[in-house]
Structures are given as structure tokens and as C-alpha cells.
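Protein chains in written order, with our numbering: chain A, 1 to 306; chain H, 1 to 306; chain X, 1 to 306; chain R, 1 to 306.
No lab work stands behind these hints, which were simulated from the structure alone. Incorrect hints may appear among the rest.
Remember, identical chains collapse to one label, so a pair may be satisfied in a single copy or spanning two.
[Unchecked claim] Below are the SDA-like pairs computed for lysine to any residue, each with C-alpha atoms no more than 20 Å apart in a straight line: (1) Lys169 with Arg186; (2) Lys172 with Arg120; (3) Lys152 with Leu298; (4) Lys172 with Asp205; (5) Lys169 with Val97; (6) Lys152 with Arg178; (7) Lys289 with Gly267; (8) Lys172 with Leu250; (9) Lys289 with Arg133; (10) Lys152 with Glu100; (11) Lys289 with Phe306; (12) Lys289 with Gly66; (13) Lys289 with Ala225; (14) Lys289 with Arg266; (15) Lys289 with Arg262; (16) Lys169 with Asp202.
For reference, the chains in residue letters:
4 protein chains.
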Amino acid sequence: MELTTTPPTAAESVASGSAGPRVSAVTRLLISCPDRPGIVAAVSRFLHESGANIVSSDQHTTDPRGGSFFMRMEFHLPLDRAAHAAFEQRFGNEVGVPFEMGWQMWPAATPKRVAVLVSRYDHCLLDILWRHRREELEADVGLVISNHPDRKADVEAFGLAYEHVPVPKGGKPEAEDRMIELLAGRFDLVILARYMQILSADFLDRLAIPVINIHHSFLPAFAGAGPYQRAREQGVKLVGATAHYVTPELDAGPIIEQDVMRVTHRGDAATLERLGADIERTVFARAVKWHCEDRVLLHGNTTIVF
Amino acid sequence: MELTTTPPTAAESVASGSAGPRVSAVTRLLISCPDRPGIVAAVSRFLHESGANIVSSDQHTTDPRGGSFFMRMEFHLPLDRAAHAAFEQRFGNEVGVPFEMGWQMWPAATPKRVAVLVSRYDHCLLDILWRHRREELEADVGLVISNHPDRKADVEAFGLAYEHVPVPKGGKPEAEDRMIELLAGRFDLVILARYMQILSADFLDRLAIPVINIHHSFLPAFAGAGPYQRAREQGVKLVGATAHYVTPELDAGPIIEQDVMRVTHRGDAATLERLGADIERTVFARAVKWHCEDRVLLHGNTTIVF
Amino acid sequence: MELTTTPPTAAESVASGSAGPRVSAVTRLLISCPDRPGIVAAVSRFLHESGANIVSSDQHTTDPRGGSFFMRMEFHLPLDRAAHAAFEQRFGNEVGVPFEMGWQMWPAATPKRVAVLVSRYDHCLLDILWRHRREELEADVGLVISNHPDRKADVEAFGLAYEHVPVPKGGKPEAEDRMIELLAGRFDLVILARYMQILSADFLDRLAIPVINIHHSFLPAFAGAGPYQRAREQGVKLVGATAHYVTPELDAGPIIEQDVMRVTHRGDAATLERLGADIERTVFARAVKWHCEDRVLLHGNTTIVF
Amino acid sequence: MELTTTPPTAAESVASGSAGPRVSAVTRLLISCPDRPGIVAAVSRFLHESGANIVSSDQHTTDPRGGSFFMRMEFHLPLDRAAHAAFEQRFGNEVGVPFEMGWQMWPAATPKRVAVLVSRYDHCLLDILWRHRREELEADVGLVISNHPDRKADVEAFGLAYEHVPVPKGGKPEAEDRMIELLAGRFDLVILARYMQILSADFLDRLAIPVINIHHSFLPAFAGAGPYQRAREQGVKLVGATAHYVTPELDAGPIIEQDVMRVTHRGDAATLERLGADIERTVFARAVKWHCEDRVLLHGNTTIVF
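Here chain A stands alone, though its shape is the one from the complex (with noise of 0.2 Å):
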């Protein structure tokens, strides 16, 4: 799996004309590579000398010897949009060939696009629309899908759309047929909150962008459905939530983010699913907005997040 959101070229963002020019020309810079000596000099001097001042930087060496080398800067540029696109073709040529780097430049500015899907549970989308209108994302809301009717007037409240698409018994195809006319081209991220529909393959591939999912427990444990019952079963004490990327192999994808609360022997499995709904909603409202601000990186079937 990659992450194969095709980003804005930060001359783009610069040219639009809503986001004010100081924001707007910070550049977040993502890159893996194999680590060797030089990648960090080789960068920093190159963006120092395109006039670019470094806001922050973090990296990580996979292994002190044959690792690989991950790598996240926000650095501030301020320049047109045809030079800024003139910019990042030098870095290609110039850093990124011959360090052998997968890269990706996003301007801060310009929020990731994102559509939520979801079917009845309204706890963790409930929080994060209200998340996306505290403006506490980075990210642009622009739809909510859902198999279900239910949660139409909640979402409306937010003045954002909501489109009903049934998945009916054997109607799987159909409705990921009508999904995809809605979400591909249009967004950079679609987030599952709480959708109790499994997604294709075939889907997957087709959209083509980054889904991340929330699992009702502390993967690996439990995976699979319901958790809170069989965590009681077992007498666990303490019971949790993963947010994850979703990849073909179910409840297997890159972990982003998990957390775990106490429970006891006094919570009947209602009182499980009442407290894990708060832990449910907090993972992956982090998760989200991690990915929105790019710190978060693959590495195989796991992540760095910076």
C-alpha cells in the first residue's frame, strides 16, 4: 500500500487566492529513502539555498545499519506558483533521484479533502464534524456517505451533504459502483466512522486514496466483531480502539493510533460499548488529524508517526 494521494503542488495552493501568503507558503516535505550518509545535509542545504527556512524536522533510521530513513519538514517558501513548481522539479532532480527518495511536497494551507462514511453509530462522527468546525483538522469535510438513513439531520445540521447509498443484500457492487462516482477525483481521504460494511478489493483499489478505519478494540486483540462482549468474556481489565489504514485483509492494516481504558468486573458488555464509544471517538479524531497534517508515514505494514 502506498499513500497515493496525488497532492496539490504547493504552487497551486500559493496561487489560490483564499488562504492568506504567510500560511500558505509553508511547505510540509515527506520522504523515504534508504538511509546513508548525507540525506539530511544534502536536503536542509538545498531548501536553505532555494531561500526556504526550516519551521521543523523530524526523522527516524528504521536500523542503525541498512535501515531505511524517514524524514518530515515544514519549511517556509514564499513563491509564485510557476516558481514554486520550477522548485520542486529541483528537488527532484537535485535530492530526491539520487537519494533514491519516495517524496511528496502538500502545502499547509490547503486542507485535505475528506468524505466520512458511516452507518448508524453517530459517536465518532458526531465528533469529528464538530472537530472539522472548530477548524481543529486541517481537513475539508465535503461529504458523509452512509448505507443508513438515520444519521441524515445530523449531518445536514452541519451544513454538509448527505448521501444515502443502501447496500442491500447481494446489492455490494452497486453501491460501491455509486460510491465511487461520488468520491473518486474529488477528495484526498475517506474516514470510516463506524461503517459496518466490509469494502472490497476491488473498491480499495479503485478509489485509490487513503481510508482510514476505527476498530472497535485494541487490535490485535479481539479483531473482528464485537469486542466488548468477548473482552468481558475473557476478563480482560482493560479494553480499547485502533484507528488503522484499510488494506484487503480485514482489521490488518497499518495501525495509526490505539488507546485502552479500565474497565472492571462491574461493567455488563452495554457498559463496555457506552465507555468504549469515548475512547472510540478520541483515536480516531488523533488519527484523523495526523494524517490531515501529514505526520504520518508507512513503513511496510506499520507507520511512523512524527
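Position chains H, X and R against the provided structure of chain A, taking the given hints into account.
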């Protein structure tokens, strides 16, 4: 599995001269029985009419209808030996039998007699021995057994006996026989402070007292060996430890306590193991302390912790 | 300060047709009195002989000798209105008076009638209203009062009444008079979901029901205004929130619940405030829920939370 | 206050035969200076052109404009003694001076030389000595000084020297003189593992190396003595511990680390103190470890912890 310790009668404890009269007069009562009206009233009336003052009380019913009832009480009742034995017998006849109770009384002044099994790791062992020396545990640690000689000096520095019982290839039956000689009838609890040998079902049978193990993972995730390495490969963001009663089925006995710690992409398996030592010793100490204070009741394969 | 709510008699609740017969038959009993032998026995015997079945029970004694005794019981007792009133009267005469008890019974089926005061911040308000809608709170939120018009649409989207009671300079007495008109005799609890006006001692007197506030710091550290800025200047590594009952002395009433979050040098005051909103709404919701479930007893300027 | 340790040059460390060539070749660089464009580029270019490979890098800017810049880098550079000294001098001339840097290099292979001051409590002392034995700390604990003889056997069991320096009434000046004799010029760090004497400003001046204290409360709440008792009287629901650098103003130096634990109405002051010991030793060990790994930079009265 049952908590098969035969407690000293409260009377025996009262009669022993070493503990002062005030403390020794506190008795802990543990009850489990089918739930039905009148249990609390019957117990508290019996205690009150016998001259006891209830110091603390906790109860739990597993299900509003048809469930099981669990209770832990501490009461103050200064009686001499004979009178206390008679009191216990009357309780059984007048309250225990009519309500089909499993019940047990334990004199609070009498610490549990505890033996420790350990292999090479020192962190859980030393933490328990420090807490023992600080008198945090209501335990009387009388012996440390190890299949290695490594920790002998550490243990003897605490003034405690250390028995080296090696387990050579094929020699487990003889080793277990030797351990039964050392343990049987002399202890109320055995604790495994990272003991890396699997105890046979036959050994557990012959031992016939509770055994607490610390597992270096957040069960049921990563049961078995090498959990830190596997956690890292799976990219989980939290790893943890689990203290549980030992049953013949490996790593599957009733869980007493669990906790987790946050990990990031920065920690390699060795770092996780180092951090894990802290969470292991904490979880282990809590479980041992709670058991020694008679706070843990069994309910099928789960526990009630008051 | 006393918890001065006049609860409906359990009888009134039983008589009201709306709640089903099973739930309405559960009564919560709160007791505080000087500790002495026989309290539990007397209470549980009285309840048993009256036909009640004790569903849960918690107790606490503040000091082994000469302390105060606190108890919370839930019992099941299906009686009609008149019979329940007689039962309560008998309890007072036969148990309450002899043990010098402060006591109170509350029918579990009757939610607390709650009014919310808020200024401009939405996070605590919306979280409570969501939980209210999800029926997590055992509360019947009947009114939101604000000194600003900002949250009117949010509140009305939940189908709830919103009263704008401005507090112009010098106009606090009139504002408080108006609020008393709106609140007096109609509510069991007032909660301050970030209400930025100080309530006068006279207002609290006239209101005569408990008031819960959320303070945006870990009291007693950083009492007063601007805690996030001050926390940052002092370089603390954790900041938190405190829910407490309101007393005439500012930010000094009995604490119900507190929690903290970890902060680093990276967060500026605005970041801390954003993160703080999450911990504030969590702590506030817990305190309100626990109060509505009759889990909080006062002991001087501290609380017992069962 | 400044971190006044004079570090060994990386060259000295490289020259010492005991550490293997690979580890000793890693140097840590700490930088603080006014923020301005080009710092990262200049540092990384200088290092790269000197043949160094940057292993890890963290940076922080306190304010987007006009702020201070802090950086911690680890780089690998195998040089002999003379060459490394020349390298450090060139760094100062070519990078340090132009950017008005405070900077320091420390060879990762050289542990900090640490002395411990303690009174009677054993929990922080033993935890540190045990971690020292496990080689968790990058510290070389060379001496324990106490104003009491109580912990002598404990310390000597770890093979360490124990100096009893009593502080009789009126005898503090002589005691501090004696401690200066024992400490001055021989250590890089002094840690107070529950040392109950206040150190004079004059002593701190003469000592001229960092001193870390563990305070048994969540500062700034409950500064001074008896925090557990005061926490209980105030009814707080969390108590904690704070590790901080010692300054002449009591309990007010820069905070390195804090943590808390949940407490309930059930715990008396003795229980809180027992629980508190666990949080104290944990917070203390983290702070000492981070300092020894050169992760803590001072910024006024606060810290940056990388």
C-alpha cells in the same frame, strides 16, 4: 480452578501471640453464591448479633436475574481461639449452608506465606522483595526457587532462602518433584516472577494452591513468547503486561490485572523490553498485593477484584 | 454546603406511569452518619424485612475510630405510591433517627432535572447534550441559559430551550434575579459548562440546589483565569481539569473529579487550550453523570465518590 | 542557571580505550541560539563536510518570529583525539560564533558521573541503583552521600561507596563543606533521591553542576512539606510527583518531568504516601535518564525535553 488455599482459622490467628490484639481481630470474609434476596441482610445480621463490627464491604452481582453474588467484608471481632472457631462453624451452619455459599474467612493479621519462582530476569523479583521488605504486601515471602543460580546473591541480600532447582532437558518431572517437596503444605501462594518453564498440570494439581504469573504482553494479544518483537513487527502503539492465575492451559488463566505503556516507532525490540520491565513489575506487584489482601475472587475464567 | 435537592419520593416515581414498573422499583439510598457498630446490619435488616432486595452497596468509613460513615445502596422494592411513602417514613423513624443519619432516597427511574449555564465555548455544552441525547446521563436537561446568544442554534438543534440572559456591566443582580425565575423549583441540578460569570453567594443561596462547575485547570494549581498560559510559563509537563461543586469561595468547592493530559514544550498556549477542551469535557461529563447517579456524597469540603 | 557541566571532549572519549570504536564515535550536539534562517542547513552541511553522519535530530523553535532555537543532534564521526578536538574548534568558529550559539558536544560513550544524596527513604535510591546496575541510565554512579547512616548496607550491596555526612543542628555549613570536598570536580550531576535537607545557594554555586530533585507532589500544587496529607484534606482526585533542577528558590526550578496517580476517598495519607513512592521513583528515574542522555535543554525557567 478453585482458590484452594486452606486459610488458618481466624481463631488460630487470634491465638498467635505475635500480632497485637487489635489487628488480629479483623477478619476477612469472602462469599460467592447464587444471587437471591436477603444475603446481605443475613450476613450482616449474623455478624452484628455475634458482636462483629463491619469495617468495609464490597459486593457484586453478575446479572440482575439469575446471576451470581460475590462479597468481600472486613469485620472486627475480638474473640479467643475457641470462640472464633465456634463462630465460624455457626456462620457456616446458619448462613453458609442456607444460601449455598462458597465462603472463606481469613484473619487480616496473618500474611499469606509466599514462595517465588524465577529464572534469570531480576526486575519482577527485586520489586517484590523490596515491597516485601517495606511491608507493603501482607505477604511473608519464605523461599525463592530458581532454575538458574544467577539471582542467589540478590535474594540472600534480603535475608531470604534461595533454592536452585535446575530443569535439565528431560528432567522436568524430577525438578517438579523437588519443588513439591519444597513447597507443599508450607505456602499459601506461589508467584512466578518471570519463571520461563511451563508448569505441568500434574504439578499444579499436586501444589494445590493458587499460582500467579506475569505475562509480558497484553493478553490475549501476543500470547506466548517474544511479544515485544511481535508487537513491534505489527506496529502496535501500546504494549502491556498481564498478571493471571496459572491454569494448565498456557497463558489462558483468569486475568487479575493488566496495564499498558505507549510505544512509538523509535523503540526497537530491546527498548520495548526495557520499558516493558517497568510495566511488568508494576502489574505483577499489584496482582500479588491484591491477592494477599483477599481482594480477588474467581468467577469462571474471570476475576472479581474488590 | 449541603446537597439540598428535595428528591421526589420513590413513591411519586412509582406512581408516574411513564417508566416501566421494573426500573421504577429501584431506589437509591444515601446515608451519612457517625460511625458505630450495627449500621449495615440495621439498614440491611430493615430493607430485607420490608421486602427489598439489595442490588448494590458501597460504604466508606473515614477513620477507624470516631470517623464518619457513608453508604450508597440500590435496592429493588416494588410498592405503590402510598406504601412507598410509608416505607420511607418508617425507615426514618426506625433506622435514620436512632443512628443520627442524614439520609435520602431517590427513585432510580427519575432522572435529575438539569439546567445548563454556558457562555461562548461549545465543547462542554455539546458533549453534555450529545450524552443527554444518547441517554447516557440519567438527566433530563430542560433548559440552557447563556449570557451570550452564540450557542442558540446549537442548543435548539437538540430540541432544547435556550434563554439569553445577558449580564451587562452592573447588571448582575437583575441577571441573577431572572435566572432564579427560570430555575427556582424547576431543577435538581445546575451545571456550568464554561460559564464565565461568577455567581454571587446570594444567588447560590436562593438557588438552593447543587451547582457543578468545570474549571480548566488541575486545582489547586492555577486556580483563577488563564491557566493554560500560566502552565506554559511554569513549564509544567501535565495540565488538567477539575469538576467541583460551586461554593461562594471561588474555585474552592468540593472536588468531584479531575484528570490531566501530558503536554510538551511544543504546545503553545492555544494548543494547550485546544487539547484542554478534550479533558475538560471528559471530566465534566463524568462528574455530571456521577452526580445524577447519586454517586457523590459530601464530606466537609471533600467528596466520597462511589 | 546554566547547565555548567564541562563535558569531556569527544576526542577524550574516542581516545579512551575501554569503549569500542563504534559507540564512542557517536557525539551528541546540543544547541540553543536566536532563531533565524539557515541554522539547520549550516549545521548539517558542516557535519556532512566533516565526514559525520547524522543519526538523529530534534529541533524546536519557541516562537514563529523572534523566538529561540533549540536542537539536539546525534552524529557518527570516527576521529582520533586530536582530530576531534580540531573538529570541535572549527565547529565553534565556523558555526557556533556566526549564529551566536550556546552549544556543547558530549561523547555518547561517556556516561555522566553521578553522585546521589539521600536521607532515609529507600524507594528512589534503590530504583536508581538497580537501573544503574542494569545499565539503563548512561550514568556512572560513583558515590552516595546521606545525612543518615540507614541506607549504608543497601548501597554497599550494590558495590558502591556510602558517605555519611550528618547535618546536626547548626552544622549545615560544615556539612556542605564536606560535601563539596567529596563532590567538586568529580561529578557531572548530583541527584537528590529524597534528600530532606535544603541546599544553600552558596553550596549550589560552589558545586557548579546540575542538581536534580524529586518533589513528592505535582508542583506547583502542594509545594513544600506534607503534600500527601494536604492533598487528602483538599480532596484532590490525583496526586503526583515532579522532578526538577534545583535552584536557590525552593521547589521552583525548571521542571523536567511530572506524573500523577489516581486516588480516591479510600486512601488515607499513609496509603497515598505508599502509592506516591511508586510515582516518585518512576518520575525521578525518567528525569535522570533523560538528563544523562543529554535530552534536557534549559529555556529560562522551563525545559525542552527531546
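Outcome of the hint check:
1. Neither within a single protomer nor between protomers do Lys169 and Arg186 lie at most 20 Å apart by alpha-carbon distance, with minima of 28 Å and 50 Å respectively.
2. Proximity of Lys172 to Arg120 under the C-alpha cut-off of 20 Å is restricted to the intra-copy arrangement: shortest distance 18 Å within a copy versus 45 Å between copies.
3. Taking identical chains as interchangeable, the C-alpha atoms of Lys152 and Leu298 are never at most 20 Å apart, the minima being 34 Å within one chain and 44 Å between chains.
4. Taking the closest pair of Cα atoms, Lys172 and Asp205 come within 20 Å of each other only inside a single copy of the chain (15 Å); across copies the shortest separation is 55 Å, beyond that limit.
5. Taking the shortest alpha-carbon separations for Lys169 and Val97, neither the intra-copy value of 49 Å nor the inter-copy value of 56 Å comes in at or below 20 Å.
6. For the homomeric pair Lys152 and Arg178, the shortest alpha-carbon distance inside one copy (18 Å) is at most 20 Å, but the shortest distance between copies (37 Å) is not.
7. In this homomeric assembly, Lys289 and Gly267 come within 20 Å of each other (Cα to Cα) only across copies, at 15 Å, whereas the closest approach inside a single copy is 31 Å.
8. In this assembly of identical chains, Lys172 and Leu250 lie within 20 Å of each other by CA distance solely inside one copy; the values are 17 Å within and 42 Å between copies.
9. Taking the closest pair of Cα atoms, Lys289 and Arg133 come within 20 Å of each other only inside a single copy of the chain (13 Å); across copies the shortest separation is 26 Å, beyond that limit.
10. For the identical chains of this complex, Lys152 and Glu100 are neighbours neither inside a copy (47 Å) nor across copies (54 Å), given an alpha-carbon limit of 20 Å.
11. Taking the shortest Cα distances, Lys289 and Phe306 sit within 20 Å of each other inside one copy (12 Å), while across copies they are farther apart (22 Å).
12. Neither within a single protomer nor between protomers do Lys289 and Gly66 lie at most 20 Å apart by alpha-carbon distance, with minima of 32 Å and 28 Å respectively.
13. Within a single copy, Lys289 and Ala225 get their C-alpha atoms no closer than 26 Å, and across copies no closer than 29 Å, so neither meets the 20 Å cut-off.
14. In the homo-oligomer, the alpha carbons of Lys289 and Arg266 lie at most 20 Å apart only across protomers (16 Å), although the nearest pairing inside one protomer, at 34 Å, exceeds that limit.
15. Only between protomers do Lys289 and Arg262 lie at most 20 Å apart by alpha-carbon distance; the minimum there is 18 Å, versus 25 Å within a single protomer.
16. Within a single copy, Lys169 and Asp202 get their C-alpha atoms as close as 18 Å, which meets the 20 Å cut-off; across copies the closest is 53 Å, which misses it.
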